[in-house]
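Asks: What follows is each chain in one-letter form.
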Amino acid sequence: MDASTSVDTHHDPHAHGGEHEHHELGFWRKYIFSTDHKVIGIQYGICGLIFLFFGFSLMMIMRWQLAYPGQALPLIGEWLPYIFGPNTMPDGKMTPEFYNSLGAMHGTIMIFLGVVPVAFAAFGNFVVPLQIGAPDMTFPKVNAASFWAFGVGGVIMLTSFFVPGGAAKGGWTSYTPLSDIADKGPGFHMVLNGQSLWLIGFVFLITSSLLGAVNFITTIIQLRAKGLTWMRLPFFVWAQFVTAFLLLLAFPPLEAAIVMQLMDRTAATSFFLPAGMIVNGAPLHISGGGSPLLWQHLFWFLGHPEVYVLILPAFGIVAEILANNSRKPLWGYKSLVFSVLVIGFLSFIVWAHHMWLTGMGSTVSAFFQTTTLLISIPSVIILSAFFISLWGGSIRFNVPMLWVTAFLPMFGIGGLTGIPLAFNSADLYLHDTYYVIAHFHYIVAPGTIFGLFAGVYYWFPKATGRQMSEFWGKVHFWPSLICMNLIFLPMFLQGMLGMHRRWYDGGQGWTLSGEHIWGLTGFQWNTPISWAAWTMGLAQIPFIINFFWSIKHGKKVDDNPWQATTLEWTAPNRPPHGNFVTTPVAYRGPYEYSLPGRDKDYTMQNEPVEESERRPRKVTEPLLVG
Amino acid sequence: MNNPPDIAQDPAEHEEYAHGVHQHVSRYLMVGGLLLFFTLLTVALSYVDFGGFFSWLFHIHVSPDGGRKLNITVAILVAAFKASLVGLIFMHLAAEKRLIYRVLVFTGLFVLALFWLTYFAWYDPITR
Amino acid sequence: MEIPYTISTRPDTGLWNAKIGIWLFLASEVMLFGGLFSAYVFLRLDARPGEWPHGLLNVPIGTMNTAILILSSVTVVLAWAALKMRRYRAYWWYMLATISCGLIFLFVKLYFEWPQKFEHFGAFIKPEAREKYEQYLGNHHRESKGFEPRIEITGHLENHEALHDPNAKEYEIAVDPVFLDPNNPVNDRPHFLFVPPTDHVVKIEKEDVDRIDSFGPWHSAYFASYFTITGLHGAHVLGGVLVFLYMWLPVSKKVYQRNPEHLANRVEVSGLFWHFVDLVWIFVFPLFYLL
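Residue numbers (the working numbering), protein chains in the order written: chain A, 1 to 626; chain B, 627 to 754; chain C, 755 to 1045.
Since the hints were made in silico from the structure, they are not lab data. Do not rely on the hints blindly, as some may be mistaken.
Said to hold, decoys possible - Here are the simulated distance ranges between beta carbons: (1) A:Lys334 to C:Arg802: 49 to 57 Å; (2) C:Leu999 to A:Gly187: 52 to 60 Å; (3) C:Pro765 to B:Gly692: 50 to 58 Å; (4) A:Leu25 to C:Leu999: 34 to 42 Å; (5) A:Val155 to C:Thr760: 28 to 36 Å; (6) A:Pro283 to B:Leu655: 54 to 62 Å; (7) C:Asp919 to A:Gln71: 47 to 55 Å.
Just so you know, these numbers come straight off a predicted model, no measurement behind them. C-beta atoms are modelled at their ideal positions from N, C-alpha and C, and glycine is treated no differently.
The shape of chain A in the complex, shown without the other chains (with noise of 0.2 Å):
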């Protein structure tokens, strides 16, 4: 139970073996500007854990709008507009322009300020170095540019809500040509206006990303410990080494449309402005000659590599804690290996199913729904091998335990309802109604951040030295888990009606959505759905609260509280700088659970293997690997 059994661990905070430490590093250079992975994925993790909170509070929001249309916010509605402007919600009712703000500042922040820097660089930065067994990230300035480029970044996203004319409004894809000639003209600043900042804050957070990828991968390949093969890495690090890869071959073309969007906003340039443009009654005075499909085509050709990005570290962690907590190896780990890798690739290849609607023709649709379907299959393997892992397993159902199992059928369902929308005849209708929404909510909400609050769960002693409540967790999970399911499995229905997303009335004013089903029409199931999505809001107080409260006065835990197999359990708590006091050798794999003939239900990655162990090797085996 005790790590300490093959590595001399002692808790002493100025234990190091390097030649440079010799005195205290000042506040700022230890909390703040830190280049320690650790305090990094810290950093990333509570910024994103608030902007996660802030981008749901923006959408809980634009949910009294869906349900009551038209109709004054009580209290919050006389507040709202000291804050956002008082042109955003007269007399407490909102504006049009103030609800497009509103959701493409949702999609925005929850992806790339929420859920990729928590999933990616927070669990990335804090796990993988402890779990491989390194003293740090191979470039850790590098890391900590990575983290404040987030942080700039983030801070001009948020700025964009108080200049004139609010944040962008043209999506969280900011298509063309609106979002060229958005926010121009009398009133709006030339370059301190909404859409023009987003898309500065943009390239700060691209850099961030692709500077982190580059540690990651680098890191990876490099700072193995002895006897830490590939095939022997837990599956978190796979995962992350496919995402970081995703991050930085993806991100580029973006950045290259977002600088030409930001050339035609401040420059005057026509990247995407065809000939012959009329605005207000009046043609544009543009060269004209860009195209609208150019942006389309380089913005999905990272849009869709990045839903992968928000997935895939998810996939990680539920791998982690499933494994752990059904006391059993994760069953088909080279075909979990394989499925990552395979996805990875394709991921390149699949996306203009984004873009049915642009006219491609028929040999090039059918070449991407083609490879669109054959993405779902490693999709699939990696679900199924994680629902065979819980066969004949020995499961208990800790707070980390209730997040992952509860992830493995909300990601299905997500999972199986994007099939319908990789046919281009069936998301002819599909498209930008609620049941894409639904999909991809599904996949995100109830899926990655199950599993991120998995994450925080199970990694939370490995950081304080304490663990959370697991009263308190369970009152986080179970109204989390319904109220999910109440947002949104109604909303595949109001859009199987036909309910276009973006419609700042909810549906209110169209005829269609005048059917029924179970007894309501789309527009009125805005109601409780948009109730759930309050309750929701306010089941996460006590994770709030839990979180903070635990840090200081959470039950105090030993070095593996949860009796895990990899070695970032073999650190002792709140690991010192250089993480190991002797560098960690890896002699098993990484789930070696229930192991025949032991004492113990576990054995660690470090604990050398002894004699009677030994069975027939294949040639292929290591036996011990430098």
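With chain A fixed as given, assemble chains B and C onto it according to the hints.
Replies: Then chains B and C, alone, in the frame of chain A:
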């Protein structure tokens, strides 16, 4: 060409190694000269009317548009050759490790996918 | 706390950390410029006849700049070789040469090439009015030979105030030489040597003009791409120069004295970045200046 090995700070090993690097220097200078020559060649070739030349050579008519396409092809081929010189010799790719190659191969595939699939989607007409 | 493999190589990969790091970064840069080049391709393919101009950039200056960048690639690899051979003095001179070449490249671009564009104007003649200016456009000749039509008259704008004054009825343009002899086959294709606008002023009526723009990014998809790509490329050149400066200043000598291989590795890594920047230019130059 072998990538200069990772040398220790051992002066004896270094002496032998320094001699090896010295041999590479002449190679760098030669490649530099080649690059300058091919730059001038690119410029000169861009003023050659390949359309007219092909028309004369094959007794066919090549439109100015077709001729321009030929010029583009020639220029890109020369540029690709210059780029490979820079990559293989100056950037040591000719002697680089497998890992780097793998990263670059995948990058190349994805860049090609970006160009080709977008072109495909752009120009595949919805009606035939 | 030492991070392993910063200078020595890891046995199974044969690489040290920064080498992998820089190649990964360069892979992302390939995708970045790939995105920009793909924009160039699609905008050019979609341009209507005559809309994608040719011969508006100064080829001799562009060629010279290309040569300067190639020279700097040679000097940076020689700088690295000098470090590997432990010749710090030689390294210092080669690095100075590299930095100078980079700065000359930027200077030529920012003081000669770009400003020249903002002084040069093009008046796009409306399709229905092109017959009126046939003596300058020479489109009958071009059509008979299968060339794309000339759709704008370019040169130096003599009466700038006409741009804003609603009472001014015409533009006075001191035209480029090609418009004084448009039917001459010699003028069918761009010339190598750059010839400035003549003194011959042509009066073009405002109502015949679709729009009039200087050769800035707003002029056409061509100039939009030109300024964006060369601008981003120039930013990369500047970044490289700044990194090289840091490796050249006395602070680098301390790194060299502590562990010369460490500085050699840093120079190699920044050199790789520099070569990539040169690589991009090798494609930019023909695509924009020559084709």
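Asks: I want to verify a distance hint. Is the separation of the beta carbons of Leu999 (chain C) and Gly187 (chain A) within 52 to 60 Å?
Replies: 43 Å, violated
Asks: Quick check on a hinted range of 50 to 58 Å for Pro765 (chain C) and Gly692 (chain B), using CB atoms only.
Replies: Given a distance of about 55 Å, which is inside 50 to 58 Å, the answer is holds.
Asks: Holds or violated: 28 to 36 Å for the Cβ distance of Val155 (chain A) and Thr760 (chain C)?
Replies: 33 Å, holds
Asks: Is it true that Asp919 (chain C) and Gln71 (chain A) lie within 47 to 55 Å of each other by Cβ?
Replies: Given about 53 Å between the Cβ atoms, the range holds.
Asks: Look at the Cβ atoms of Leu25 (chain A) and Leu999 (chain C) and judge whether their distance stays inside 34 to 42 Å.
Replies: Violated, at about 28 Å.
Asks: In this structure, is the beta-carbon distance linking Pro283 (chain A) and Leu655 (chain B) contained in 54 to 62 Å?
Replies: At roughly 57 Å between Cβ atoms, Leu655 (chain B) and Pro283 (chain A) fall inside 54 to 62 Å, so the hint holds.
Asks: Given the hint of 49 to 57 Å, is the C-beta distance from Lys334 (chain A) to Arg802 (chain C) inside that range or not?
Replies: Holds, since Lys334 (chain A) and Arg802 (chain C) (Cβ atoms, about 55 Å apart) stay within the stated range.
In the structure shown, a violation is registered for the earlier hints numbered 2 and 4, in ascending order.
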